[in-house]
Amino acid sequence: MKGRHYIGLLALLLAGLTLSQGSPFQQRLQQAIQSGGSKFAEAMKQDPDQALCSQYRDKIPAALVGAFLERQRALIKYPADGKLMGDWKQGEALFTNPRKGNCYACHTGDPKEPGAGTMGPGLVNYGQRGTSEAVVKYTYDKIYNAWASMPCSLMYRAGYHGILTPEETAHVTAFLLDPASPVNAKR
Amino acid sequence: MGRFWRLAGVILLALVGLLALAQEEVDPFEEAQKQKQQLLELSGGILPTDLIAAQGEELFKAKRGPKNASLEACDFGRGPGRLEGVVGRLPRYFFDTRKVEDLDSRIRSCMINLQGLRPDQIRRNEVVAIAFYIASLSNGQPMTVRPLMPQEKRLYELGEKLFYLRAGPRDMGCASCHVTYVGRRAGVLPYSDILGDKRVASHWPAFRYSNDQAWTMADRIRACYSNLSMPAPDFYSEPIIALTLFMNAKAYGGKMDLPGFIR
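Here the protein sequences line up with chains B and X, keeping their order.
Residues 18 to 204 (this note's numbering) are what the first sequence spells out, left to right.
Residues 2 to 264 (this note's numbering) are what the second sequence spells out, left to right.
Calculated from the structure, these hints are not laboratory results.
Incorrect hints may appear among the rest.
Claimed, not checked - FRET-style restraints, in silico, Cβ to Cβ: (1) Asn126/X <-> Gln145/B: 38 to 48 Å; (2) Arg74/B <-> Ile113/X: 49 to 59 Å; (3) Ala84/B <-> Gly80/X: 35 to 45 Å; (4) Ile113/X <-> Gln43/B: 29 to 39 Å; (5) Leu149/X <-> Arg204/B: 44 to 54 Å; (6) Glu42/X <-> Val82/B: 32 to 42 Å; (7) Glu42/X <-> Ser166/B: 49 to 59 Å; (8) Gly80/X <-> Gly39/B: 31 to 41 Å.
Everything numeric in this text was worked out from a predicted model, so none of it was measured.
Built from N, CA and C at the ideal position, the CB exists for glycine as well.
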């Protein structure tokens with residue numbers, strides 16, 4: 018009996034040791050990434066959910082979805098004044114700035130803006146949903162952290178990565194929802 | 002006018018409209034071919050790639066470096082001095098350096114080992130020109146990269162992993178655009194179907210006519226990371242060789258179009 022306990026304990030220790038060191042494949046992967054240079058290696062460090070999305074190639078098992086969404090929802094921050102709809106004009110600039118939102122690389126916003134991409138759904142007339150509290154919050158949350166509503170969505174997490182501040186997220190929300198925004202102009 | 006003619010007119014208009022719609026999304030390969038023809042006619046039969054390859058040939062055959070040697074004894078996998086078709090066989094494992102090397106890093110290794118140059122003396126534009134010269138001797142040959150050596154298999158696995166790895170401030174990786182969203186556009190540019198269309202990996206190194214650049218696959222990979230707001234991996238580093246090995250092996254059997262001529 019006692020011997021078996023020892024073997025069990027030893028197995029547990031060994032398992033712990035292997036896990037803490039990562040698999041040989043993981044080690045080789047890390048070495049390879051390191052050889053690309055320190056800045057590259059730094060940028061390639063994944064957070065746990067980026068790692069999950071990579072591991073399952075964007076289709077994570079149903080059993081993991083609930084906890085994934087909960088973790089992502091917890092990352093959303095809101096403006097201090099609680100206003101989720103800001104200034105649509107500032108939002109427009111953030112929407113088209115490649116260094117900031119860069120939203121138009123994938124979504125049409127103002128249909129007059131040339132060169133919009135087609136990776137994401139078109140957003141012309143997005144404001145027809147109205148500006149109820151629920152719609153505003155859904156839109157804000159989606160922009161701040163797209164993975165809080167759809168795990169491993171292609172859409173990057175602008176607020177979580179600090180590319181948009183909560184206030185800036187509110188401006189982009191307004192660009193999509195404000196009836197005065199060109200997104201919602203009468204055509 | 003009779004009803005028939007009105008109807009015929011409407012149908013004709015609809016057909017013309019459809020044709021125009023169909024032409025709006027141009028096939029990048031056809032478009033590049035057209036541009037190449039235009040350039041050939043304008044220049045009297047000389048392409049920028051010919052000039053780069055000629056410059057590369059000169060560099061390849063010149064006696065240079067502390068050892069005053071040319072690169073003609075460099076072994077690209079078919080034995081010293083045999084250059085035909087080698088691009089379609091790279092990256093591969095080399096016993097002398099005990100590394101898996103792609104075209105760029107093999108050229109660099111030979112500059113170091115045969116010519117005695119120090120790594121910091123190796124100029125990137127020279128490596129690119131030599132790569133274009135060697136590529137010009139692989140045109141029309143098949144892509145035959147198949148990871149068989151354990152070192153090649155390991156690097157292939159790493160390349161696959163890196164290809165699907167999402168990271169950085171835009172939460173993206175190679176596969177996000179080149180697999181999941183193939184057929185869509187970011188901005189005005191369509192994505193190449195890297196794993197589905199063997200022509201894509203089979204046209205590097207290539208000249209990009211839209212911005213007058215001579216690029217090898219390494220430049221392409223580095224630019225992709227920059228587009229994802231990430232610092233690019235160093236030239237000649239493992240991530241680049243691993244990704245190239247993965248993509249080239251996936252293009253097994255493709256016909257090399259070299260040096261490539263692309264947007």
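We went through each hint and held it up to the structure:
1. Asn126/X <-> Gln145/B: 38 to 48 Å: The hinted range 38 to 48 Å is violated for Asn126/X and Gln145/B, with Cβ atoms some 54 Å apart.
2. Arg74/B <-> Ile113/X: 49 to 59 Å: violated (38 Å)
3. Ala84/B <-> Gly80/X: 35 to 45 Å: Violated, since Ala84/B and Gly80/X (Cβ atoms, about 57 Å apart) do not stay within the stated range.
4. Ile113/X <-> Gln43/B: 29 to 39 Å: holds (31 Å)
5. Leu149/X <-> Arg204/B: 44 to 54 Å: 60 Å Cβ-Cβ, so the 44 to 54 Å window is violated.
6. Glu42/X <-> Val82/B: 32 to 42 Å: violated (57 Å)
7. Glu42/X <-> Ser166/B: 49 to 59 Å: holds (54 Å)
8. Gly80/X <-> Gly39/B: 31 to 41 Å: Once the Cβ atoms are compared, 40 Å apart, the range 31 to 41 Å for Gly39/B and Gly80/X holds.
Against the hints set out earlier in the document, violations occur for numbers 1, 2, 3, 5, 6.
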